[in-house]
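> Full structure from sequences and hints, please.
Each protein sequence line maps, in turn, to chains A and B.
For the first sequence, UniProt numbering assigns the number 303 to the last residue and increments by one with no breaks.
For the second sequence, UniProt numbering assigns the number 303 to the last residue and increments by one with no breaks.
Check before you lean on any hint, since a few could be wrong.
So, partial list: chain B residues that the calculated Cβ filter (under 10 Å) puts toward chain A [said to hold, decoys possible]: (1) D128; (2) A131; (3) P151; (4) F152; (5) G158; (6) H160; (7) V162; (8) G183; (9) V186; (10) N214; (11) P288; (12) L294.
Taking lysine to aspartate or glutamate pairs in the EDC-like style, the calculated list, with each CA pair at most 16 Å apart, reads [as the list claims (entries may be wrong)]: (13) A/K87 - A/E23; (14) B/K87 - B/E153; (15) B/K137 - B/E192; (16) A/K137 - A/E99; (17) B/K87 - B/E65; (18) A/K87 - A/E121; (19) A/K303 - B/E65; (20) A/K287 - B/E99; (21) B/K303 - A/E153; (22) B/K287 - B/E23; (23) B/K137 - B/D90; (24) B/K287 - A/E99.
Worth flagging that the hints you see were computed from the coordinates, not collected in a lab.
Here a beta-carbon is modelled for each residue, glycine too, at the ideal position from N, C-alpha and C.
Number of protein chains: 2
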Amino acid sequence: MTAAQPAGVEIVEVGPRDGLQNESTLLPTATKVELVERAIAAGARRIEAASFVHPRLVPQMADAEAVMAAVPRRDDVAYSGLVLNRKGFDRALDTGLTEVNVVVVATDTFSERNQGVTTEEGLRTWEDVAARAHDAKIRPVATIAVAFGCPFEGAVSGDHVVQLARRIADSGPFELALADTIGVGVPTQVTELLGRVGEATGARLRCHFHNTRNTGYANAFAATTAGVSTLDSSIGGIGGCPFAPNATGNIATEDLEYLLSGMNIRTGLDLDQLSRTGTWIGEQLGKPEVPALLGRAGPFPPK
Amino acid sequence: MTAAQPAGVEIVEVGPRDGLQNESTLLPTATKVELVERAIAAGARRIEAASFVHPRLVPQMADAEAVMAAVPRRDDVAYSGLVLNRKGFDRALDTGLTEVNVVVVATDTFSERNQGVTTEEGLRTWEDVAARAHDAKIRPVATIAVAFGCPFEGAVSGDHVVQLARRIADSGPFELALADTIGVGVPTQVTELLGRVGEATGARLRCHFHNTRNTGYANAFAATTAGVSTLDSSIGGIGGCPFAPNATGNIATEDLEYLLSGMNIRTGLDLDQLSRTGTWIGEQLGKPEVPALLGRAGPFPPK
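Right, here's the structure in full:
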């Protein structure tokens with residue numbers, strides 16, 4: 001098993017977007033910008049910094065343009081923004097992002113509740129946005145949400161996910177992500193689905209795990225063992241999903257970094273800085289305890 | 001990876017011992033007995049029910065004899081008791097246990113703080129207890145504590161653990177457990193150490209993980225992939241270690257069961273009953289939120 005682990009893993013810091021958007025405490029723009037700055041100081045080089053959706057649906061992201069105007073622009077830092085339609089794409093494009101992330105939801109029920117469209121309509125949006133992104137010379141990225149299970153429809157078949165992935169791959173994604181939006185997947189499912197989607201599409205793959213049932217880190221381990229070298233996580237493990245009952249946060253960047261560095265997988269991240277930032281963002285959100293455990297456990301080996 | 005998973009895993013319920021002994025809220029004997037009864041009702045068939053140590057050191061275990069006198073005795077339920085010396089062994093023997101678990105600590109510093117003896121003295125206790133257990137026709141089981149790292153000495157070398165395991169194996173253990181007492185191990189370390197200890201001793205192996213840094217379930221997955229078919233866990237994920245700074249609970253039985261059953265690994269346990277019992281024991285301990293996440297996440301698929 002060890003032999004299959006990649007030498008390095010790229011972690012996409014999604015705390016500023018997927019983490020914050022689900023927190024009910026609205027943060028000032030300056031705090032969001034500071035989160036991005038702290039992530040960069042800790043070594044993050046790819047950051048999902050904002051969501052260009054209607055502010056009524058996700059109030060925390062209402063200042064997406066202001067955040068993007070204030071974050072440091074560096075050649076070595078790529079920013080991603082989530083978009084759900086052409087209007088969102090146009091807004092994102094104006095901010096000078098590196099990539100746009102389009103979410104295609106695997107089930108109609110969740111798709112309609114999350115973004116008001118069917119899965120098929122979501123696919124057409126992806127196709128439209130992908131073409132425009134190619135024209136604009138920014139990277140189109142697609143994420144298949146609830147790829148491992150849906151809170152309303154239950155099990156999601158691997159066949160269905162593979163079909164969606166094939167369709168997405170036809171529009172030339174820079175990368176295709178499989179998201180366990182509600183944290184129900186298990187490692188063997190991850191291994192199998194990644195193998196099938198990889199074989200069917202040949203796409204560069206990324207995984208997005210939540211730790212709702214304590215399987216998130218085992219799934220991340222399974223994904224790296226299956227050869228995936230890009231993973232999403234949020235500093236502090238903050239987050240959830242307003243449209244998924246009981247969903248909890250993303251896997252935490254600091255705990256993921258502990259796991260990966262212990263296995264000699266390089267990420268370029270600094271564990272201590274991540275851990276301090278996890279505690280800090282918890283304080284900003286009025287949460288003395290974030291889901292990340294590293295800040296509580298303290299350093300190892302002991303100092 | 002899937003192919004290597006065992007068809008079944010035996011879960012040793014350690015909540016009544018490792019879980020409770022580290023909780024500061026002292027529970028009445030009847031509540032401890034009820035925890036055991038609920039575990040059995042949920043399908044547990046091997047239970048570490050008590051610790052026969054000095055009541056001054058571990059006040060929660062002062063009523064070990066009373067607990068053992070009251071728990072249901074069934075041919076299909078094996079009870080284990082933790083002992084650290086001959087006096088503890090004699091006490092355990094009098095209660096009619098199925099097996100005694102002797103903890104040998106891999107580092108001198110932790111061994112002296114945890115049980116007042118060096119590692120070498122711990123090994124001699126194991127040899128003495130193992131011989132007496134064989135004579136008494138009960139099962140001697142050894143657990144190597146801090147096998148993946150020590151809160152005081154830091155990294156613990158695999159060579160050292162293999163040497164300890166060889167020495168333990170000479171006394172004919174029914175089973176040899178590797179314990180990540182402070183939750184610092186990572187999956188590749190688990191895979192490697194299990195492979196080495198298995199090869200060096202030929203012993204039946206068990207693993208004991210804590211989730212202090214969110215690696216516990218990934219480690220459990222790695223252990224099953226490495227062929228280990230016996231794992232410790234505690235209902236609710238309750239526990240910690242009074243002599244290990246910041247140690248948190250065992251991996252939770254309900255979350256482990258979710259992980260294993262999702263991978264089609266049979267344990268004989270009932271997820272709903274485990275989850276309800278996890279919530280219940282949290283209430284008894286005055287903890288509205290136990291470390292187990294399943295009770296909060298709710299059932300999947302949705303009912």
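> Does each hint fit the structure? Answer for all of them.
We went through each hint and held it up to the structure:
1. D128: Check failed: Cβ of B/D128 comes no nearer than 32 Å to chain A, outside 10 Å.
2. A131: 36 Å, violated
3. P151: 6 Å, holds
4. F152: The hint holds - B/F152 has a Cβ within 10 Å of chain A, the shortest such distance being about 7 Å.
5. G158: 13 Å, violated
6. H160: 15 Å, violated
7. V162: Interface hint status for B/V162: violated (17 Å vs cutoff 10 Å).
8. G183: 7 Å, holds
9. V186: 3 Å, holds
10. N214: 4 Å, holds
11. P288: 13 Å, violated
12. L294: 6 Å, holds
13. A/K87 - A/E23: Between A/K87 and A/E23 the Cα gap is close to 24 Å, so the pair fails against 16 Å, i.e. violated.
14. B/K87 - B/E153: 29 Å, violated
15. B/K137 - B/E192: This hinted pair is violated, its Cα atoms lying about 33 Å apart.
16. A/K137 - A/E99: Judged against 16 Å, a Cα distance of about 9 Å means the pair holds.
17. B/K87 - B/E65: Distance ~13 Å between B/K87 and B/E65 Cα, so the pair holds.
18. A/K87 - A/E121: The hint holds at about 15 Å.
19. A/K303 - B/E65: Outside the cut-off at roughly 41 Å; violated.
20. A/K287 - B/E99: 44 Å, violated
21. B/K303 - A/E153: Holds: B/K303 and A/E153 sit about 10 Å apart, inside 16 Å.
22. B/K287 - B/E23: 10 Å, holds
23. B/K137 - B/D90: Distance ~13 Å between B/K137 and B/D90 Cα, so the pair holds.
24. B/K287 - A/E99: 44 Å, violated
In summary, the numbered hints that this structure violates are 1, 2, 5, 6, 7, 11, 13, 14, 15, 19, 20 and 24.
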